[in-house]
Amino acid sequence: MRIEPNPAPPSLEMRGITKRYPGVLANDHIDLDVRPGEIHALLGENGAGKTTLMNILYGLATPDEGEILLDGTPAVITSPSDAIARGISMVHQHFMLVPVLSVADNILLGDEPMSGPILMDRHGADARIRELASFFGWEVDPSIRVGNLSVGWQQRVEILKAVYRQAQILVLDEPTAVLTPQETKEIFGVLRRLTGEGYSIIFISHKLYEVLEIADRITVIRRGKVVGQRLPAETNEEDLAELMVGREVELTVDRGESHPGGPTLRVDGLCVKDDRGRQVVHDVSLEVRAGEILGIAGVAGNGQDELVEALTGLRASSAGRVTLDGRDVTRDRSRALIKRGIAFVPADRQRFGLVLSYPLSDNLVLTDYYREPYAHGIVRDDAAIRRRAKEAVQQYDVRTPSIDVTAATLSGGNQQKVVVAREFDGTLRLLVLDQPTRGLDVGSIEFIHRQVIAKRNAGTAILLVSAELDEVMELSDRIGVMYRGRLVGVMDARDATREEVGLLMATGGREAAPIPPATGDAA
Amino acid sequence: MEFILHFPVIGLLLQFVAYLVQVMIENGGLIVTVATPIGLGALCGFMNERSGVVNIGIEGMMIVAAFAAWWVAALVVPVLPATAGPLGITLPLLVGLIAALVAGVLVSAVHAWLSISVRADQIISGTIINIAGLGITGYLGLLISQNSPATAGNFDSLTFPAGVISIPVVGWLMETFLEHGPITLSMLVVVVVLQILLYRSRWGLRTRAVGEHPRAAETVGINVIALRYRNVLLGGLLAGLAGAWFTIEYGNSFQSGMTNGRGFIALAALIFGRWTPIGAVGAALLFGLADALGTAIRQSPPVGDLGVMLTTIPAQVFTALPYIVTIIVLAGVVGRSTPPAADGQPYERETKAA
Amino acid sequence: MNLRRTISVLTIPTLAIVLALIVGGAVMILSSPLVNGSLDVTLPFVAYAALASGAFGSVDALVQTVVSATPLILAGLAVGIGFKAGLFNIGAQGQFLIGAVAAAAVGAGLAHASPFVAIPAAVLAAMIAGAIYGFIPGFLKAFTGAHEVVTTIMLNYVAIQFVAYLITGPLRAAGATFARSPDVGAASLPILIGDNGHLGIIFAIAAVPLAWWLLYRTTLGFEVRTVGANPDAARYAGMSPKAVLIATLSVCGLLAGLAGAGEILGISGYMPAGYSTNVGFDGITVALLGRANPIGILFSGLLLGAMRAGSNLMQINAGVPVQMIDVLQGVILFFLAAELLVRAIFRVRAAKAEVAELQTVSRSYGGQTTP
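Protein chains in written order, with the working numbering: chain R, 1 to 523; chain F, 524 to 877; chain U, 878 to 1248.
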């Protein structure tokens, strides 16, 4: 397919960029160019090398080969200050905001207006920030601590940071991952306004429909290589998916009909407090039946983490009742719940799910280590542990040189398969999945989704919590939304639409609402 | 009011509080004096930890600086004129002070290198400094003392005419906070300056950002490694001052291990003071009070039942008091005092991206 | 463990020791004018020769080395097992003193009883007392978040005062010319070998395989190591990090207390008011040099024991004060830490995990209550 020549010279050109990490070729002679006023989408699955490429552009990583040209002249960028000086700004996938500092401090940091050689001038700066925000129709108090802002507002502060620095090239790395569909729509409007002001934008995503909606041009990379370039008008989701993954992809899993039995988990009026003692789960009641998947959507930070921790015994609840198979388990801790047949795939596999410095074998018995056959009394049975590990590695297709390597050496997808192998083992009553596929490649996602469906069909009750709306829509038999600590609008998945669930995520109701001003109260 | 005094425990408690206030008023100057090495040590810790480097090696830095001040001052006494200027400042003492500052910075450089560049565990790095510092100064101190070296003496305190001191309140404040040697006085200046800079200067904003979220700081063009180095080395100056206080201001000789845990108490003061300069020095004053209380009870116990009770407590309890207070403060405060988020985490510039 | 791995584990500690001896030699030369009035480049050779002969030169010297190593191995375990749980126990010193004074007190009380009663009672008392003194910082860490690095150091100072109070007060031996506890009499440990090779040696040597077995072959050790490597994952796996922290520090205290019993019951026979020891810092050096592994701790304990045993002869023959050993320790530790740089550059994979375990100590610093 030919791309129409565009008369405008590229404002950015990256030529033959190559970056090797031990054991990985992250970028393999990548070429990329961005024209003035263009939104250029960089599409690729997790781990394809998009972020590495952008880190090179931003001076956070040094390429082994290749060069960067800005407005036709070669530029050496060895640090973010070089990039900033040349008009490049980046909104990172994980926000680069200091939570304890104010909005103003975060925006000014690194480019502080001074009233003398030592002290800062804070007066003029605040006015400037308000003015910039009002350009986008936002109302923000510069003195609010960023940590108290909602995720959507943090995203806006990141964009203000870039605009404050008067960048010409703006890189956004997965900017919509944490947003509701409505917020995404708004950000798209903001990006269009920015290109109207002469910005060139690189938009990184792995979501096909978003890329088709916003991009002027799409470059697809796979395993560190550019595998194709498309114009949105000439392509479709199937074509992009195949380019991105390298084979034909079924865009939706076939989950078949569910045949739910009686209620396995019942939660009545559950209230939970966070580490700071604030109540973040309010009066949540729900029911998960055997052989069905209840999906809970919601923007991160709406009490999902605490709800899941309370249900899995990691956090005490302050009120309410939890019953499993009719038995009150409200006060049970992790181990008692595991014995009763609850398994839990935590959101942060590196923090909770694995001990990275342990070999796979120890990780595979992390929750069972004290039980027969892995231990007799207090004495561990290494032979039994190794047998189990070898079996699990085969069954769950964990790609590893041996069961003796540490979990740290595995890729994200294989690490998650280790967690899944451990948690999906045996007969389960209830399976709690928290962001089970976050950050994984398509192959691992497909594999894990199939395992989830299989568990459901085997009669396990499954509670799926995910900030990824698509995942909830795809897998769930029923869908609820967490909004400000409350569970709102549990509905049958067959009746749910993306827009409706998205509205619930954004507003807690079914009415569209204007952008609220930034408040110190995190959503 | 009167019936309260009928409950013996409450009565004793009230008497004790009154005695405490009395000790505070009568021994204000002493409290500030003994708080000086703790306060300066805590400010050294502040410089480190606010930029994300844990420093438990303050003790070691202080002892090396104390040794350097004493030894170098003694070395130059025979060759330099010892005419005293204001505050008892002589050339040998000044050279000793500079030696202490240099020593503090050099030892800090080791800590900076180990914890920032090598990315060793910062607590282990600090422990190495403590063990090595105590070891080398103990060894050399012993060898040097064998030859009974000349002493360079020590700094004098600022004094005010009796007329000024007798002014109510103002006089007491001046006596308490200003009748001190140059090192204590410099602490009082440094703490105010640091407090202002932390919240109002570019350096302060950048330091706070680097201690909380170094990667965010780097993405806006701040050189995290350089800022950490600079702050740790500047902190070394403060540890140097703290060390010099032992051998050329408060005393005039060096003994092995003479810092006696002040460096660790300084850490507790930093935590208690919630990682702010004013808070840290305020907490140091609290430890100074604990120290002064022990001394006061032995020298002028309160009258009545309370006095009888207090004087029966063995002397060792009062010697141990600052350490016990440290433990209680840590146990009571830590959960409510949040350290800089990146404290103790080495920063790696280029990490493998996902 | 295969040969190549063994060598890769041993390389760095060996290099650290060699480098430390060189630096120590340089310090001796530079400070030689203070020792004998003029710059003397031969001083290190004389000193090290005396050190070696004092440590290995005769059967008595060898016994003395093992005797000196006994408390160091136990203290090394007291620090090293803490490392495994992500704890930095700088309190071995205090736990040792409390154990020692408990042994002295019970020993003095049972001085005229049968040795078969007196010895177990005094040793047990020391272990319990040490364990209690380890329990305190463990409890404080688990329930208030007070970091053990500061609390254990403070408790060391408190222990010194507590011992001073007991020995000058209630425990003071009547009629002694200086403040000391009464003789332990029947509670004295029997001498098994040489002049002073007492029963405590067996305690230390037996503790090593026991600790190794517990750490690597039992579910208890698995819990300790998991809490050390990742406390969140430990909690997720149904373990109780709080209980593990408290239990681990108590066991550390128990071992340090046992070391104290060995010194009082096996060597001095009583406790003086100003009992001074370096066992706390020595234990840290031993644990780090032994990479927090019980077997490694056995060997590094013997090595440091040899240095302590030989240092007296070094002072007598070469005039180099015994404090030289403290200098050497500091330098050894420096090179051990700086070695991480070498690993980072050359990416030495083997033995990396063990280093990582030692690198987790700072994580909980100053902050959050352990979950």
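If you're looking for bench data, these hints aren't it; they were derived computationally from the structure.
Mixed in with the good hints, there may be bad ones.
As the list claims (entries may be wrong) - Pairs of lysine-lysine, DSS-like flavour, derived with a Cα cap of 30 Å:
id	chain 1	residue 1	chain 2	residue 2
1	R	K207	R	K185
2	R	K207	R	K225
3	U	K1119	R	K273
4	U	K1119	R	K225
5	R	K273	R	K339
6	R	K273	R	K207
Said to hold, decoys possible - Which bits of chain F does chain U cover? Going by a derived footprint, with three or more residues having C-beta under 8 Å, they are:
id	stretch
7	538 to 551
8	617 to 627
9	733 to 740
10	784 to 796
11	819 to 830
If you're wondering where the values come from, they're calculated on a predicted model, not measured in any experiment.
Using N, Cα and C, we set each Cβ at its ideal position, and we do this for glycine too.
Comparing the hints with the structure gives:
| no. | hint | in the structure |
| --- | --- | --- |
| 1 | R/K207 <-> R/K185 | holds (14 Å) |
| 2 | R/K207 <-> R/K225 | holds (18 Å) |
| 3 | U/K1119 <-> R/K273 | holds (20 Å) |
| 4 | U/K1119 <-> R/K225 | violated (48 Å) |
| 5 | R/K273 <-> R/K339 | holds (25 Å) |
| 6 | R/K273 <-> R/K207 | violated (34 Å) |
| 7 | 538 to 551 | violated (count 0) |
| 8 | 617 to 627 | violated (count 0) |
| 9 | 733 to 740 | violated (count 0) |
| 10 | 784 to 796 | holds (count 6) |
| 11 | 819 to 830 | violated (count 0) |
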